[in-house]
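**Student:** Residue numbers (UniProt numbering), protein chains in the order written: chain S, 1 to 307; chain E, 1 to 307.
Careful: at least some of the hints might be erroneous.
[Claimed, not checked] Over the 10 angstroms line for every Cβ pair with chain E, so calculated as not near, a few chain S residues:
1) 132
2) 135
3) 286
[What the hints assert, rightly or not] Think about it this way: if two alpha-carbon atoms lie no more than 16 angstroms apart in a straight line, the pair counts; the simulated EDC-like pairs of lysine to aspartate or glutamate are:
4) 193(E) - 229(S)
5) 296(E) - 306(S)
6) 296(E) - 215(S)
7) 84(E) - 70(E)
8) 76(E) - 41(E)
9) 292(E) - 217(S)
10) 3(E) - 41(E)
11) 218(E) - 228(S)
12) 21(E) - 280(E)
13) 298(S) - 257(E)
14) 140(E) - 119(E)
[Said to hold, decoys possible] Residues of chain E clear of chain S, computed beta-carbon distances all greater than 10 angstroms:
15) 98
16) 105
17) 228
In short, the hints are calculated from the structure, not lab data.
The beta-carbon is built from N, C-alpha and C at its ideal position, and this holds for glycine as well.
The lines below spell out each chain.
Protein chains: 2
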Amino acid sequence: MHKLVIVGTCAFDEIESPFGKTGKILGGAGTFIGLAASNFEVDQAIVSVVGSDFPQEYIDLLKNRGINMEGLEVVKDGKTFFWKGRYHNDLNSRDTLITELNTLADFNPVVPEAYKNAEIVMLGNLHPLVQLSVLDQMNKKPKLAILDTMNFWMDSALEDLKKVIARVDVITINDEEARQLSGEYSLVTAAQKISAMGPRFVVIKKGEHGALLFEKDKIFFAPALPLEEVFDPTGAGDTFAGGFAGYLTSTGDLSFENMKRAIIHGSNLASFCVEKFGTERMQNLKPEEIEKRLLKFKALTQFNLDL
Amino acid sequence: MHKLVIVGTCAFDEIESPFGKTGKILGGAGTFIGLAASNFEVDQAIVSVVGSDFPQEYIDLLKNRGINMEGLEVVKDGKTFFWKGRYHNDLNSRDTLITELNTLADFNPVVPEAYKNAEIVMLGNLHPLVQLSVLDQMNKKPKLAILDTMNFWMDSALEDLKKVIARVDVITINDEEARQLSGEYSLVTAAQKISAMGPRFVVIKKGEHGALLFEKDKIFFAPALPLEEVFDPTGAGDTFAGGFAGYLTSTGDLSFENMKRAIIHGSNLASFCVEKFGTERMQNLKPEEIEKRLLKFKALTQFNLDL
Chain S
1 MHKLVIVGTC AFDEIESPFG KTGKILGGAG TFIGLAASNF EVDQAIVSVV GSDFPQEYID
61 LLKNRGINME GLEVVKDGKT FFWKGRYHND LNSRDTLITE LNTLADFNPV VPEAYKNAEI
121 VMLGNLHPLV QLSVLDQMNK KPKLAILDTM NFWMDSALED LKKVIARVDV ITINDEEARQ
181 LSGEYSLVTA AQKISAMGPR FVVIKKGEHG ALLFEKDKIF FAPALPLEEV FDPTGAGDTF
241 AGGFAGYLTS TGDLSFENMK RAIIHGSNLA SFCVEKFGTE RMQNLKPEEI EKRLLKFKAL
301 TQFNLDL
Chain E
1 MHKLVIVGTC AFDEIESPFG KTGKILGGAG TFIGLAASNF EVDQAIVSVV GSDFPQEYID
61 LLKNRGINME GLEVVKDGKT FFWKGRYHND LNSRDTLITE LNTLADFNPV VPEAYKNAEI
121 VMLGNLHPLV QLSVLDQMNK KPKLAILDTM NFWMDSALED LKKVIARVDV ITINDEEARQ
181 LSGEYSLVTA AQKISAMGPR FVVIKKGEHG ALLFEKDKIF FAPALPLEEV FDPTGAGDTF
241 AGGFAGYLTS TGDLSFENMK RAIIHGSNLA SFCVEKFGTE RMQNLKPEEI EKRLLKFKAL
301 TQFNLDL
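Start from the sequences and build out the full structure, keeping to the hints where you can.
**Tutor:** Pasting the structure below:
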């Protein structure tokens with residue numbers, strides 16, 4: 001089995017949406033990425049930090065999905081990163097009500113010795129210096145480094161972010177952020193400019209409108225699965241990234257054709273994530289459910305023009 | 001050759017965009033639909049009305065694309081429908097500056113005798129009573145009636161619009177309009193409700209985010225081609241509808257599989273339409289350009305999961 005290192009938050013989320021309120025539940029980019037990647041044959045480790053208030057039950061849940069948690073630092077008497085948000089009626093926009101960095105403020109990631117030779121590194125949304133530190137700890141350049149980031153770091157730590165961008169092979173970013181980072185409205189031009197900053201592959205996430213994969217002049221598009229009801233979009237982007245990274249790690253194939261499949265697997269898993277609050281739907285996802293929905297993606301997008 | 005009847009405006013457009021101003025140019029839903037459909041082997045007629053200010057050159061342009069113009073009423077001393085709009089910087093929204101109905105205000109469409117047995121009828125965006133009149137003039141129920149409409153008629157003539165909707169096989173409508181018409185936010189649920197009003201097929205246009213085709217529990221999605229530069233979106237929706245109708249007419253195949261191909265052909269033609277102002281790009285489109293870009297759509301969307 002190929003190895004995958006993930007750095008990202010393990011956290012408490014509290015979500016208010018038109019469908020109800022959750023109270024404090026398990027969340028965090030690292031959590032969603034790891035859960036998604038655990039649907040593939042991979043040897044993965046999450047590097048993260050929590051406080052002693054983080055329930056052992058949550059750690060066990062991740063371990064039971066085959067995730068190595070040696071890289072999870074538990075800060076004694078520390079408090080876990082907490083985010084509370086409220087979604088608007090259309091679920092496409094949200095307000096952040098509370099962000100408590102807590103132990104995340106002084107996070108020094110430590111990659112477990114056994115994972116310093118991992119083939120694939122997934123840098124979840126975090127301060128660019130934390131992401132850089134993980135890259136620096138690898139014994140050799142990984143076969144593929146994937147970066148997820150957001151506008152917050154473009155506003156507050158752009159120069160550091162550019163250093164990470166220069167060192168990764170894939171960047172995943174949403175459409176508005178791609179426009180902000182490149183200064184270009186057209187996503188085609190934006191992807192070209194971002195690729196010139198470092199990453200060979202640029203993945204632009206458009207939420208309910210799907211995702212685009214760019215490599216030089218090649219473009220691939222995967223729609224989001226049209227759903228009767230979206231319940232909670234929290235973690236969908238991380239789940240997409242985790243499915244993408246997990247599939248690539250399990251296959252060890254980094255061709256553009258396989259990247260396309262990885263995008264479809266990521267979109268497929270994200271379509272489950274939004275069906276329930278938080279990680280609920282992702283905790284017990286069955287292989288037959290995943291395969292059945294992949295067939296829906298095929299039916300949704302495949303045609304035959306006889307060209 | 002199968003016959004296609006189109007009812008829709010032949011008009012003057014004047015467009016302001018970040019790329020410049022056009023002055024008065026050829027426009028109108030009927031014009032864009034006819035030009036798009038003329039890329040297929042069809043025997044088509046446009047039913048419309050203009051004033052004597054409408055240049056013979058424009059009529060000849062449409063005739064030279066093989067379009068029968070007997071159904072174009074030229075009102076002596078009348079003025080042609082005129083629309084002037086200004087696009088915002090992102091080209092996704094626009095303000096209407098001028099709408100002069102002129103001869104359109106009293107338009108009584110007359111379907112040419114030779115086209116009253118047409119297999120396919122395309123009802124371009126117009127007052128629902130005008131659309132109904134065209135359906136009523138057909139000798140027999142066409143094999144397929146396609147309706148394009150917009151929110152303006154939902155606000156001003158909803159009961160008449162519902163009568164048209166009840167009588168067509170396909171409705172094409174944009175995402176916001178589908179939500180307004182159905183009262184549902186989810187496009188899946190919206191399509192189900194709209195289908196229950198009459199049309200077996202529901203096509204939801206999402207502009208730069210592509211288009212969805214629904215028939216009962218089947219869904220197909222076609223993205224818009226990601227372009228480096230969108231120049232002028234005017235007529236893209238009509239071009240999409242014209243390509244869809246033209247392809248279906250030329251093949252005479254109304255299966256879901258062929259509808260999927262028709263959606264791709266419509267999206268393909270729309271991707272050309274937006275590259276220049278007004279009808280400019282559509283006037284001289286070459287078969288080899290069309291085929292080359294169809295291959296781009298294939299590359300953009302096709303994958304192999306080995307399932």
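**Student:** Now tell me, hint by hint, if it's right for this structure.
**Tutor:** Against the structure, the hints come out as follows:
1. Against the 10 angstroms criterion, residue 132(S) stays outside the reach of chain E, whose nearest CB is about 31 angstroms from its own CB.
2. Listed as a non-interface residue, residue 135(S) keeps its Cβ farther than 10 angstroms from every Cβ of chain E; the least gap is roughly 30 angstroms.
3. Distance check on residue 286(S): its Cβ is at least 16 angstroms (rounded) from any Cβ of chain E, clearing the 10 angstroms threshold; non-interface status holds.
4. Taken as a hint, the residue 193(E) and residue 229(S) pair is honoured in the structure, with Cα atoms around 14 angstroms apart against an allowance of 16 angstroms.
5. Restraint check for residue 296(E) and residue 306(S): satisfied, since their Cα atoms lie roughly 14 angstroms apart, inside the 16 angstroms limit.
6. For the given pair, residue 296(E) sits about 14 angstroms from residue 215(S) by alpha-carbon distance, which is consistent with the 16 angstroms threshold.
7. A distance of roughly 27 angstroms separates the Cα atoms of residue 84(E) and residue 70(E); the hinted pair therefore is violated under the 16 angstroms criterion.
8. Of the pairs offered as hints, the one joining residue 76(E) and residue 41(E) is violated, with about 33 angstroms between alpha carbons and a cut-off of 16 angstroms exceeded.
9. Note on residue 292(E) and residue 217(S): the hinted pairing holds, with a Cα-Cα distance of about 15 angstroms set against a maximum of 16 angstroms.
10. Distance check on the hinted pair: residue 3(E) and residue 41(E) sit about 10 angstroms apart at the alpha-carbon level, within 16 angstroms; holds.
11. For the hint linking residue 218(E) to residue 228(S), the alpha-carbon distance of about 13 angstroms falls within 16 angstroms, and the restraint holds.
12. A C-alpha spacing of about 14 angstroms is found between residue 21(E) and residue 280(E), which places the hinted pair at or below 16 angstroms, so the restraint holds.
13. Distance restraint check for residue 298(S) and residue 257(E): the Cα-Cα separation of roughly 13 angstroms lies within the 16 angstroms cut-off, and the hinted pair is therefore satisfied.
14. For the suggested pair residue 140(E) and residue 119(E), the alpha carbons sit about 9 angstroms apart, so the restraint of at most 16 angstroms is met.
15. Here residue 98(E) stays apart from chain S, with its beta-carbon at least about 27 angstroms from theirs, past the 10 angstroms limit.
16. Once the 10 angstroms rule is applied to beta carbons, residue 105(E) is consistent with being away from chain S; the minimum gap is 37 angstroms.
17. Not every CB of chain S lies more than 10 angstroms from the CB of residue 228(E), the least distance being 5 angstroms, so the non-interface label is violated.
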